[in-house]
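Protein chains: 2
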Amino acid sequence: MNEATIELTVNEAARREADAPHSLVARIAPPLTLESGRELSPLRIAYQTYGVLNADRSNAVLVCHALTGDQHVASVHPVTGKPGWWSTMIGPGRPIDTDRFFVICSNVLGGCMGTTGPASNNPATGEPYALDLPLVTIRDMVAAQAMLIDHLGIPDLFAVVGGSMGGMQVLEWAASYGDRVFAALPIATAAKHSAQNIAFHEVGRQAVTADPDWRGGRYLLEGAIPRKGLAVARMAAHITYLSEPALQTKFGRNLQDREARTFGFDADFQIESYLRHQGASFVERFDANSYLYVTRAMDYFDLAADHGGVLAKAFQGTKTRFCVVSFTSDWLFPTEDSRQIVHALNAAAANVSFVEIATDKGHDAFLLDVPELMATTRGFIDAAARVRGLATP
Amino acid sequence: MNEATIELTVNEAARREADAPHSLVARIAPPLTLESGRELSPLRIAYQTYGVLNADRSNAVLVCHALTGDQHVASVHPVTGKPGWWSTMIGPGRPIDTDRFFVICSNVLGGCMGTTGPASNNPATGEPYALDLPLVTIRDMVAAQAMLIDHLGIPDLFAVVGGSMGGMQVLEWAASYGDRVFAALPIATAAKHSAQNIAFHEVGRQAVTADPDWRGGRYLLEGAIPRKGLAVARMAAHITYLSEPALQTKFGRNLQDREARTFGFDADFQIESYLRHQGASFVERFDANSYLYVTRAMDYFDLAADHGGVLAKAFQGTKTRFCVVSFTSDWLFPTEDSRQIVHALNAAAANVSFVEIATDKGHDAFLLDVPELMATTRGFIDAAARVRGLATP
Numbered sequence: 001m002n003e004a005t006i007e008l009t010v011n012e013a014a015r016r017e018a019d020a021p022h023s024l025v026a027r028i029a030p031p032l033t034l035e036s037g038r039e040l041s042p043l044r045i046a047y048q049t050y051g052v053l054n055a056d057r058s059n060a061v062l063v064c065h066a067l068t069g070d071q072h073v074a075s076v077h078p079v080t081g082k083p084g085w086w087s088t089m090i091g092p093g094r095p096i097d098t099d100r101f102f103v104i105c106s107n108v109l110g111g112c113m114g115t116t117g118p119a120s121n122n123p124a125t126g127e128p129y130a131l132d133l134p135l136v137t138i139r140d141m142v143a144a145q146a147m148l149i150d151h152l153g154i155p156d157l158f159a160v161v162g163g164s165m166g167g168m169q170v171l172e173w174a175a176s177y178g179d180r181v182f183a184a185l186p187i188a189t190a191a192k193h194s195a196q197n198i199a200f201h202e203v204g205r206q207a208v209t210a211d212p213d214w215r216g217g218r219y220l221l222e223g224a225i226p227r228k229g230l231a232v233a234r235m236a237a238h239i240t241y242l243s244e245p246a247l248q249t250k251f252g253r254n255l256q257d258r259e260a261r262t263f264g265f266d267a268d269f270q271i272e273s274y275l276r277h278q279g280a281s282f283v284e285r286f287d288a289n290s291y292l293y294v295t296r297a298m299d300y301f302d303l304a305a306d307h308g309g310v311l312a313k314a315f316q317g318t319k320t321r322f323c324v325v326s327f328t329s330d331w332l333f334p335t336e337d338s339r340q341i342v343h344a345l346n347a348a349a350a351n352v353s354f355v356e357i358a359t360d361k362g363h364d365a366f367l368l369d370v371p372e373l374m375a376t377t378r379g380f381i382d383a384a385a386r387v388r389g390l391a392t393p
Numbered sequence: 001m002n003e004a005t006i007e008l009t010v011n012e013a014a015r016r017e018a019d020a021p022h023s024l025v026a027r028i029a030p031p032l033t034l035e036s037g038r039e040l041s042p043l044r045i046a047y048q049t050y051g052v053l054n055a056d057r058s059n060a061v062l063v064c065h066a067l068t069g070d071q072h073v074a075s076v077h078p079v080t081g082k083p084g085w086w087s088t089m090i091g092p093g094r095p096i097d098t099d100r101f102f103v104i105c106s107n108v109l110g111g112c113m114g115t116t117g118p119a120s121n122n123p124a125t126g127e128p129y130a131l132d133l134p135l136v137t138i139r140d141m142v143a144a145q146a147m148l149i150d151h152l153g154i155p156d157l158f159a160v161v162g163g164s165m166g167g168m169q170v171l172e173w174a175a176s177y178g179d180r181v182f183a184a185l186p187i188a189t190a191a192k193h194s195a196q197n198i199a200f201h202e203v204g205r206q207a208v209t210a211d212p213d214w215r216g217g218r219y220l221l222e223g224a225i226p227r228k229g230l231a232v233a234r235m236a237a238h239i240t241y242l243s244e245p246a247l248q249t250k251f252g253r254n255l256q257d258r259e260a261r262t263f264g265f266d267a268d269f270q271i272e273s274y275l276r277h278q279g280a281s282f283v284e285r286f287d288a289n290s291y292l293y294v295t296r297a298m299d300y301f302d303l304a305a306d307h308g309g310v311l312a313k314a315f316q317g318t319k320t321r322f323c324v325v326s327f328t329s330d331w332l333f334p335t336e337d338s339r340q341i342v343h344a345l346n347a348a349a350a351n352v353s354f355v356e357i358a359t360d361k362g363h364d365a366f367l368l369d370v371p372e373l374m375a376t377t378r379g380f381i382d383a384a385a386r387v388r389g390l391a392t393p
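So the protein sequences, as listed, match chains A and B. Read in my numbering, the first sequence has 134 at position 134, and its numbers run on one by one without any break. Read in my numbering, the second sequence has 223 at position 223, and its numbers run on one by one without any break.
Think of the hints as simulated: they come from the structure by calculation, not from any bench. Just to be clear, a hint being listed does not mean it is correct.
Claimed, not checked - Derived lysine-lysine pairs resembling DSS-like cross-links, with alpha carbons at most 30 angstroms apart:
hint, chain 1, residue 1, chain 2, residue 2
1, A, K82, A, K250
2, A, K313, B, K250
3, B, K82, B, K250
4, A, K250, B, K313
Using the sequences provided together with the hints, build the complete structure.
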């Protein structure tokens with residue numbers, strides 16, 4: 001671990017909680033009744049906006065972030081200093097054009113970038129919640145976003161867009177608040193989390209909780225960070241975001257800065273040092289307990305189960321326009337998962353288009369500058385804007 | 001961890017080392033020069049045999065075990081009490097018929113079931129080697145097996161058979177000692193380890209070494225066991241042994257002994273408790289440092305690289321008969337890996353057949369009672385025995 005590693009101590013957590021100086025923060029007083037039946041109050045939602053809300057408040061696009069994403073969708077990340085995670089997709093002249101649309105992205109409930117999460121202050125104790133934060137679900141995340149949209153005085157959203165866990169939120173928005181969503185773009189996602197995906201998440205959680213520095217979840221109170229466990233969790237997850245052919249092309253069996261194998265346990269292969277780097281850099285920007293909460297939310301997601309076991313019922317009578325996108329080499333959320341969404345939307349007589357994009361970039365493709373994704377998004381958004389009567393730029 | 005967990009203390013390691021009472025042990029005095037250039041001596045090889053060696057010593061079949069396998073291929077495992085790991089394949093009347101063949105299976109070099117490995121006594125210090133054991137490779141494992149075969153006075157092998165890492169050893173046998181191998185049956189394997197597979201192994205090694213109870217590898221000396229780290233490593237690996245459809249069929253999103261989700265971090269889903277069980281039971285029978293050594297041996301395997309980058313050269317002039325087997329749902333060693341072996345064997349003008357077996361059981365299929373695998377093996381072995389002039393039963 002290098003010296004520059006950010007020490008997320010109790011003080012740091014408190015600072016984040018108090019200020020989230022990098023983001024706008026909505027403080028919402030009325031309690032949110034969670035899917036578990038428990039109430040959460042007060043609620044903080046940290047968010048970013050891009051572009052300008054038009055006079056009739058009809059050009060708002062909500063972007064939902066993935067597992068380890070955050071609200072810094074198109075602006076520099078305050079911790080890593082890197083460009084926003086979807087700055088290829090969102091910005092002036094981009095497929096989601098901030099010269100036309102008012103883009104909102106909020107940190108999810110349970111997250112660690114300013115929204116109420118396990119590192120937040122528990123008003124009952126004056127200490128970080130840790131595992132005393134009630135479990136949150138995708139539906140709870142979306143309910144919190146709806147509260148934010150209310151708070152901002154926006155009656156309905158022109159579009160809700162997101163990939164992976166973000167796509168789950170898009171589906172949940174369409175199911176729970178369909179009359180407030182004109183267009184929905186779920187990318188590389190599923191209406192339920194598969195057994196294999198739950199399995200990988202469970203490995204990650206076990207890696208975190210096996211780290212003695214996790215301290216039963218109370219590491220912030222005890223001045224520790226379960227770095228090694230969280231890094232292992234990230235490494236395992238990271239493999240699932242890439243495709244085997246892409247790993248083969250990018251790394252193959254190439255050795256790392258060496259003429260030959262060392263016959264030891266150093267990172268001989270480039271893929272090893274790449275993964276170690278992914279693990280080490282992740283712990284600088286992400287909270288271990290948030291990782292537990294947010295993975296759990298994904299595992300619990302099963303939209304059909306919430307509607308009597310029939311996915312089509314989730315979308316019954318919907319007027320939302322959908323575009324469902326998958327990637328050929330995505331083995332975490334394979335095309336079959338998207339096809340099930342499309343079947344259900346068809347059964348609900350929804351307006352839906354479906355694009356499977358050929359790429360070797362695996363699940364991560366949704367985050368990358370994949371031309372066909374950009375073109376698909378631009379085409380869907382532009383057409384929906386015309387139907388909605390939004391002025392062309 | 002339950003109370004019955006076997007405490008693999010220094011004493012226990014010493015007992016295993018001294019006795020391996022469950023197995024035959026060959027003590028080999030001449031040093032083995034390893035691929036790294038280092039020498040290893042003395043060498044202990046723990047092994048099991050089944051059936052009877054015939055008068056002209058022509059009916060010996062060497063079975064090579066996989067990463068976490070051992071010599072107890074067709075007899076009860078001394079630690080777990082479970083049947084041998086390939087008792088469906090090997091035994092009286094089985095495809096590899098112990099009424100006809102003399103089957104030998106030895107624990108690999110670097111293993112932890114009696115053969116010299118990191119838990120073995122280092123004669124230079126009188127303590128377990130730990131990380132002072134030189135790194136071993138697949139070629140070294142095979143060289144040690146060849147020493148065992150010499151030790152047993154067996155001039156050549158009727159067949160060498162194995163799946164996964166066992167299949168790598170089969171290929172290495174054919175490449176390094178082709179004139180001593182009449183028939184070779186590599187199953188669900190590859191001539192080189194892929195970037196994705198190295199990545200998963202690296203995650204496992206990081207999980208082990210992140211456990212403070214690993215103690216820089218000196219846990220046996222310090223009376224500790226890195227249980228949690230090794231369990232996480234096993235859990236991650238175990239997912240890769242199964243196919244997504246099989247996980248879906250077997251577990252799906254079924255809940256574990258509960259009417260509903262608990263909104264907590266217990267093992268709500270059956271797949272979670274299944275994985276936890278896999279992790280917990282693995283640490284009762286496997287040594288953490290062995291896991292590092294043996295995964296590393298697999299990562300280093302690249303048979304073409306050892307032959308000027310041309311895989312066919314590894315088999316040039318071979319007289320061995322090959323049957324290469326893969327499974328449709330194996331994503332760890334996909335059919336494409338087997339196809340590359342077959343292409344190389346064809347280019348070397350070898351006698352080779354290739355069977356891709358349709359199954360949803362993933363990589364683990366090679367260990368299971370898959371009828372087409374049994375029939376393929378029986379057919380190949382019987383035909384080879386006829387050609388070799390071995391009496392029918």
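Is the hinted pair A:K313 and B:K250 satisfied, with a Cα-Cα distance of at most 30 angstroms? Measuring from Cα to Cα gives roughly 26 angstroms; hence the hint holds.
Is B:K82 close enough to B:K250, meaning Cα to Cα at most 30 angstroms? Status holds; Cα separation ~22 angstroms.
If you draw a straight line from the CA of A:K250 to the CA of B:K313, is it 30 angstroms or shorter? At roughly 26 angstroms apart (the allowed maximum being 30 angstroms), B:K313 and A:K250 satisfy the hint.
Starting from A:K82, check that the Cα of A:K250 is at most 30 angstroms away, please. Given pair A:K82, A:K250 holds - Cα atoms ~22 angstroms apart, limit 30 angstroms.
Comparing the model with each numbered hint stated earlier shows that all of them hold.
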